[in-house]
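Q: Please work from the sequences and hints to get the whole structure.
Chains A and B supply the protein sequences, listed in that same order.
Counting along the first sequence from 1, when you hit position 70 you're at 92 in the working numbering, and nothing is skipped either side.
Counting along the second sequence from 1, when you hit position 207 you're at 219 in the working numbering, and nothing is skipped either side.
Source of the hints: derived by calculation from the structure; they are not laboratory data.
Since the structure is predicted, the reported quantities are computational estimates derived from the model, not experimental observations.
The beta-carbon is built from N, C-alpha and C at its ideal position, and this holds for glycine as well.
Misleading hints may appear alongside valid ones.
[What the hints assert, rightly or not] Calculated from the model, a selection of chain B residues having no Cβ within reach of chain A, i.e. all distances over 10 Å: (1) Asn115; (2) Ser181; (3) Ala208; (4) His253; (5) Gln283; (6) Leu291.
[Stated by the list, open to error] Below, simulated EDC-like cross-link-like pairs (lysine to aspartate or glutamate); rule was C-alpha separation at most 20 Å, straight line: (7) B:Lys140 / A:Glu95; (8) A:Lys91 / A:Asp122; (9) A:Lys305 / B:Glu100; (10) A:Lys91 / B:Glu100; (11) A:Lys262 / B:Glu59.
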Amino acid sequence: MSEPTVVPSSNPLPTTANGSSTPVFGRGVSGQVGGGAGGAGGTFGVKTGLAQMLKGGVIMDVMNVEQAKIAEEAGAAAVMALERIPANIRRDGGVARMSDPGMIKQIMEAVSIPVMAKVRIGHMVEAQILQSIGVDYIDESEVLTPADDQHHIGKHAFKVPFVCGCKNLGEALRRISEGAAMIRTKGEAGTGDVVEAVRHQRAVMSDIRRAASMSDEELYAFAKELSAPYHLLKETARLKRLPVVSFAAGGVATPADAALMMQLGCDGVFVGSGIFLSGDPAKRARAIVQAVTHYNNPSLLAEVSTDLGEAMVGISVSTEGERMQGGRMAGRGN
Amino acid sequence: MISYHHLTLATSTTMTLPMASSSKPRRVIIGVLALQGAFIEHIHYLERLRIPNTVIRAIPIRTADQLESCEALIIPGGESTVIQSVAERTEGLLPILLDFVRNPQRAVWGTCAGMILMAEEDGIGGGKVIKGRPPQKGWGGIEGLKVWRNLYGTQLESFEAHMEIPALSQPTKPFNCIFIRAPAVHSLQPKSTSVADLTQDLHHTIAPTETSTTIEVLATLPSECTPPPPPQDSHLGPSNHEDLGKVMIRQGSKLVTSFHPELSGDTRIHQYWVEKCVLGM
Numbered sequence: 023m024s025e026p027t028v029v030p031s032s033n034p035l036p037t038t039a040n041g042s043s044t045p046v047f048g049r050g051v052s053g054q055v056g057g058g059a060g061g062a063g064g065t066f067g068v069k070t071g072l073a074q075m076l077k078g079g080v081i082m083d084v085m086n087v088e089q090a091k092i093a094e095e096a097g098a099a100a101v102m103a104l105e106r107i108p109a110n111i112r113r114d115g116g117v118a119r120m121s122d123p124g125m126i127k128q129i130m131e132a133v134s135i136p137v138m139a140k141v142r143i144g145h146m147v148e149a150q151i152l153q154s155i156g157v158d159y160i161d162e163s164e165v166l167t168p169a170d171d172q173h174h175i176g177k178h179a180f181k182v183p184f185v186c187g188c189k190n191l192g193e194a195l196r197r198i199s200e201g202a203a204m205i206r207t208k209g210e211a212g213t214g215d216v217v218e219a220v221r222h223q224r225a226v227m228s229d230i231r232r233a234a235s236m237s238d239e240e241l242y243a244f245a246k247e248l249s250a251p252y253h254l255l256k257e258t259a260r261l262k263r264l265p266v267v268s269f270a271a272g273g274v275a276t277p278a279d280a281a282l283m284m285q286l287g288c289d290g291v292f293v294g295s296g297i298f299l300s301g302d303p304a305k306r307a308r309a310i311v312q313a314v315t316h317y318n319n320p321s322l323l324a325e326v327s328t329d330l331g332e333a334m335v336g337i338s339v340s341t342e343g344e345r346m347q348g349g350r351m352a353g354r355g356n
Numbered sequence: 013m014i015s016y017h018h019l020t021l022a023t024s025t026t027m028t029l030p031m032a033s034s035s036k037p038r039r040v041i042i043g044v045l046a047l048q049g050a051f052i053e054h055i056h057y058l059e060r061l062r063i064p065n066t067v068i069r070a071i072p073i074r075t076a077d078q079l080e081s082c083e084a085l086i087i088p089g090g091e092s093t094v095i096q097s098v099a100e101r102t103e104g105l106l107p108i109l110l111d112f113v114r115n116p117q118r119a120v121w122g123t124c125a126g127m128i129l130m131a132e133e134d135g136i137g138g139g140k141v142i143k144g145r146p147p148q149k150g151w152g153g154i155e156g157l158k159v160w161r162n163l164y165g166t167q168l169e170s171f172e173a174h175m176e177i178p179a180l181s182q183p184t185k186p187f188n189c190i191f192i193r194a195p196a197v198h199s200l201q202p203k204s205t206s207v208a209d210l211t212q213d214l215h216h217t218i219a220p221t222e223t224s225t226t227i228e229v230l231a232t233l234p235s236e237c238t239p240p241p242p243p244q245d246s247h248l249g250p251s252n253h254e255d256l257g258k259v260m261i262r263q264g265s266k267l268v269t270s271f272h273p274e275l276s277g278d279t280r281i282h283q284y285w286v287e288k289c290v291l292g293m
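A: Quick look at the structure:
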């Protein structure tokens with residue numbers, strides 16, 4: 023939390039091999055503004071910039087317009103529009119895919135905060151579809167059934183920014199290298215058990231602390247060990263944090279869980295099944311929003327944690343393990 | 013033990029040196045509202061400023077007590093609805109915050125979401141109407157300022173533009189202005205004061221008696237970059253086309269920017285605000 027996130031400014035994107043998604047320049051500015059290079063949309067600075075604005079906030083999974091309005095009213099910084107929250111995806115089994123664009127558009131029309139939506143890992147056409155309907159952020163998510171077990175989407179080619187999950191530093195830097203403008207822990211979605219998100223966040227921070235104390239020679243070797251690009255590892259070591267905004271996700275169910283992830287160094291929190299599977303979603307949502315702002319204030323956390331009604335029942339990842347319905351999602355994509 | 017002692021001595025000596033060289037430095041505590049959004053960047057930018065004979069301390073503000081210790085305040089970018097609702101739900105904070113923002117003696121700067129909140133009380137348009145909730149209320153930092161949320165559009169319309177801002181130091185060096193789902197000025201209609209456009213004429217002079225209330229326009233996007241006008245039948249009334257592209261506005265100790273100087277890598281707007289609005293230099 024103590025270091026600024028670097029936003030490489032005015033960094034024109036490489037032209038993409040796929041002609042259909044060549045970055046398009048923004049609102050009409052072309053060399054006319056001031057004496058500079060003009061205004062450009064879809065730059066990495068603009069993509070990471072929105073993530074900066076979400077910091078200290080809560081991004082909530084919503085399945086319909088009513089839930090989206092409850093989330094906005096409760097103080098969500100953004101909503102994730104999806105047909106089934108992760109706990110239901112586990113329950114139902116089968117293949118989980120991108121949600122109906124019509125449903126996502128309804129939610130975009132209902133709220134004024136940013137709207138995100140999920141695509142399957144490696145499914146660039148789902149991402150092209152979401153970009154064309156104008157979502158604010160795409161989550162290339164292990165919660166959906168992967169479409170490609172070898173490759174992630176080449177995200178620099180898109181004008182819309184992406185968030186991706188990670189279990190450790192190497193995975194985070196590979197995603198950033200592919201163009202992710204925001205990172206989140208994978209955690210174990212749909213369980214209500216925060217243990218995996220904690221494990222992933224601690225793994226990332228621990229590797230960052232190791233990298234920060236290394237010489238250049240050691241960094242080259244460490245980059246090889248992590249299978250991560252050297253220049254991104256070097257930048258991470260210099261900043262002593264990931265070079266993009268990083269959120270917690272996967273298993274956050276209570277205000278205390280959210281504050282825990284903030285104290286472990288996350289910039290904000292995604293809450294999926296935890297809100298709308300609880301006894302009083304609006305109250306729990308408000309409480310988690312307060313907890314993310316006041317994460318270092320135990321007496322305030324006690325106040326907002328009081329009388330919240332039932333939390334989601336959840337699945338204990340350590341006792342259920344591989345037998346749990348839907349299996350471990352965090353293992354998808356690497 | 014000995015080396016530790018030396019270290020302490022050395023540190024305290026260096027710290028007192030600048031003070032000894034001139035009169036007692038002015039100490040300023042600047043708060044950055046830290047309820048949600050990009051507040052840490054503002055703190056780091058303020059810490060990077062070097063203003064002669066001035067010691068700046070920047071602190072995050074989450075409670076009423078913390079705010080009361082400050083002379084000046086930045087309301088950062090983020091989601092204005094979140095900042096508003098967390099402020100309402102944090103005991104005792106909102107009334108103190110409103111007094112602070114409306115007090116002409118207090119320097120306040122709002123960026124993006126912060127600019128939305130600096131609008132006059134009935135001066136925010138563009139949010140979705142939620143049943144049972146009145147329209148979002150501005151905090152009234154700048155008289156006659158009405159703002160439209162996300163007028164530039166969704167994230168796909170977010171952009172960067174390099175602009176020359178004559179009021180800044182090195183005025184011909186373009187400033188990289190990053191607009192993220194940015195709000196726009198809907199109209200600027202102060203009842204009791206005038207509006208001066210300083211984007212063209214740096215030498216425009218404002219009579220000393222007017223300086224605290226005159227609205228100064230410090231940066232305007234060229235016409236081809238200005239957003240489309242918002243609906244004209246909202247509770248804000250018709251918008252003023254000429255105002256839509258105004259992206260940096262000052263009224264006395266108050267400043268608003270619809271873009272994000274805290275993401276630009278350039279501290280000149282922070283320097284401008286601290287020198288002109290906070291210190292009155």
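Q: Does Leu291 of chain B clear chain A by more than 10 Å, comparing its Cβ with all Cβ atoms of that chain?
A: Non-interface label stands for Leu291 of chain B: nearest chain A Cβ at 24 Å, farther than 10 Å.
Q: Can we confirm that no CB of chain A comes within 10 Å of the CB of Ala208 of chain B?
A: 20 Å, holds
Q: Is the nearest CB of chain A more than 10 Å from the CB of His253 of chain B?
A: 16 Å, holds
Q: Over 10 Å to the closest beta carbon of chain A is the bar; see if Asn115 of chain B clears it.
A: 24 Å, holds
Q: For Lys262 of chain A and Glu59 of chain B, compute the direct alpha-carbon distance and say whether it is at most 20 Å.
A: 18 Å, holds
Q: Taken at face value, is the distance from the CA of Glu95 of chain A to the CA of Lys140 of chain B at most 20 Å?
A: Within the cut-off at roughly 11 Å; holds.
Q: Report holds if the minimum CB distance from Gln283 of chain B to chain A is greater than 10 Å, and violated otherwise.
A: Non-interface label stands for Gln283 of chain B: nearest chain A Cβ at 17 Å, farther than 10 Å.
Q: Taken at face value, is the distance from the CA of Asp122 of chain A to the CA of Lys91 of chain A at most 20 Å?
A: 19 Å, holds
Q: Take a quick look at whether Lys305 of chain A and Glu100 of chain B sit within 20 Å of each other, Cα to Cα.
A: With a Cα-Cα distance of about 15 Å, the restraint between Lys305 of chain A and Glu100 of chain B holds, given a limit of 20 Å.
Q: For a C-alpha distance cap of 20 Å, please report whether Lys91 of chain A and Glu100 of chain B respect it.
A: 18 Å, holds
Q: Far enough from chain A: is every CB of that chain over 10 Å from the CB of Ser181 of chain B?
A: 15 Å, holds
Violated hints: none; the structure is consistent with every hint.
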